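Trainee: Below are the chains, spelled out letter by letter.
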Amino acid sequence: MDIKVNVREAPGDCYVVDLSGEIDVYTSPKVKDAIGDLIDRGVYHLIINLEKVRYIDSTGLGVLIGGLKRVREHGGSVNLVCTNPQIKKIFDITGLVKIFGIFDSEDAAMKALV
Amino acid sequence: MNQAVEHAIPELVELRIPSRPEWVALARLAAATVANRLSLSLEEIEDVKLAVAEACTAVIQHEGHGEFIQLTCEALSGALRVRVHDSGRHGVPADGQRMDFDEARIAGLGIFLIRTLMDEVSYDVHPQLGTDLLMVKRAGRPD
Numbered sequence: 000m001d002i003k004v005n006v007r008e009a010p011g012d013c014y015v016v017d018l019s020g021e022i023d024v025y026t027s028p029k030v031k032d033a034i035g036d037l038i039d040r041g042v043y044h045l046i047i048n049l050e051k052v053r054y055i056d057s058t059g060l061g062v063l064i065g066g067l068k069r070v071r072e073h074g075g076s077v078n079l080v081c082t083n084p085q086i087k088k089i090f091d092i093t094g095l096v097k098i099f100g101i102f103d104s105e106d107a108a109m110k111a112l113v
Numbered sequence: 000m001n002q003a004v005e006h007a008i009p010e011l012v013e014l015r016i017p018s019r020p021e022w023v024a025l026a027r028l029a030a031a032t033v034a035n036r037l038s039l040s041l042e043e044i045e046d047v048k049l050a051v052a053e054a055c056t057a058v059i060q061h062e063g064h065g066e067f068i069q070l071t072c073e074a075l076s077g078a079l080r081v082r083v084h085d086s087g088r089h090g091v092p093a094d095g096q097r098m099d100f101d102e103a104r105i106a107g108l109g110i111f112l113i114r115t116l117m118d119e120v121s122y123d124v125h126p127q128l129g130t131d132l133l134m135v136k137r138a139g140r141p142d
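Chains A and B, in that order, give the protein sequences.
Start counting the first sequence at 0; every next residue gets the next number (numbering that gives the first Met the number 0).
Start counting the second sequence at 0; every next residue gets the next number (numbering that gives the first Met the number 0).
These are computed hints drawn from the structure, not numbers from a lab.
It should be emphasised that the depicted structure is a prediction, and the values quoted were computed from it without experimental measurement.
For each residue, glycine too, the CB sits at the ideal point set by N, CA and C.
Any given hint could be a false lead.
To be verified - Reference excerpt, derived from the structure (chain A facing chain B, CB under 10 Å, subset only):
hint: 1; residue: Glu-21
hint: 2; residue: Asp-23
hint: 3; residue: Tyr-25
hint: 4; residue: Thr-26
hint: 5; residue: Asp-56
hint: 6; residue: Ile-64
hint: 7; residue: Gln-85
hint: 8; residue: Lys-88
hint: 9; residue: Leu-95
Stated by the list, open to error - To list a few chain B residues with every Cβ distance to chain A over 10 Å, as calculated:
hint: 10; residue: Leu-11
hint: 11; residue: Leu-37
hint: 12; residue: Ser-86
hint: 13; residue: Gly-107
Throw the hints in and build the complete structure from the sequences for me.
Mentor: Structure representation (structure tokens):
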């Protein structure tokens, strides 16, 4: 089990973080590092693509929340791309749907960035 | 196979993993495999996976946890009972007392998810023997 992280520049001051695999207590530090590195470089508008994520737990949610808190300190935003029903359910029952913008496509997430 | 004989034998799977992050995936996959033998829906199996992982993660992240986590999955009639045992000794209340889920120990999103996703959740704390998290997931609806 592993997580693959790919970071790519998108139009504007935005970066996309593509995640693939499972995000749990073992793999979430890798995601945290990738997001933290971007923020340290002054990237405050992020799209995190969860389309290829099969599983996420509270440690993964914690990493996303931590990233969102950091970018918001700089007027930034984090939008998520997710269509997996089980993962959307987790965002739903934890109330995180009210905190993150969650979109069905990268295009939609891009257009909605602040 | 004779159905009556098959159901007369309890299906119980035990797994002992080191209390380290890299082993949590094995625990949740083991629980999912047992859940898959029951009439749980795919969504319910995913719920079990997440709850077991949250329980193991809570143990690992808690200071003073034991060296191993013991996972016991028992296939009941139309339900899965899971026990997550941590042999670590913690500062706990009354000896052998059965109590509600220990929110002080498994805080935040993890405990919320476990409580939301599982049908029954309870906690046994034994100062000398460690801590048991007991969870039941019942088969609800077919996919």
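Trainee: Give a verdict on every hint.
Mentor: Cross-check of the supplied hints:
1. Glu-21: holds, 7 Å
2. Asp-23: holds, 6 Å
3. Tyr-25: Cβ of Tyr-25/A sits 4 Å from chain B, so the hint holds.
4. Thr-26: holds, 8 Å
5. Asp-56: holds, 5 Å
6. Ile-64: Where the cut-off is 10 Å and the nearest Cβ of chain B is about 9 Å from Ile-64/A, the hint holds.
7. Gln-85: holds, 5 Å
8. Lys-88: holds, 8 Å
9. Leu-95: holds, 9 Å
10. Leu-11: Correct as stated: the minimum Cβ-Cβ distance to chain A is 25 Å, above 10 Å.
11. Leu-37: holds, 18 Å
12. Ser-86: The claim stands: Ser-86/B keeps its Cβ more than 10 Å from every Cβ of chain A (closest is about 19 Å).
13. Gly-107: violated, 7 Å
Hint 13 from the list above is the single one not met by this structure.
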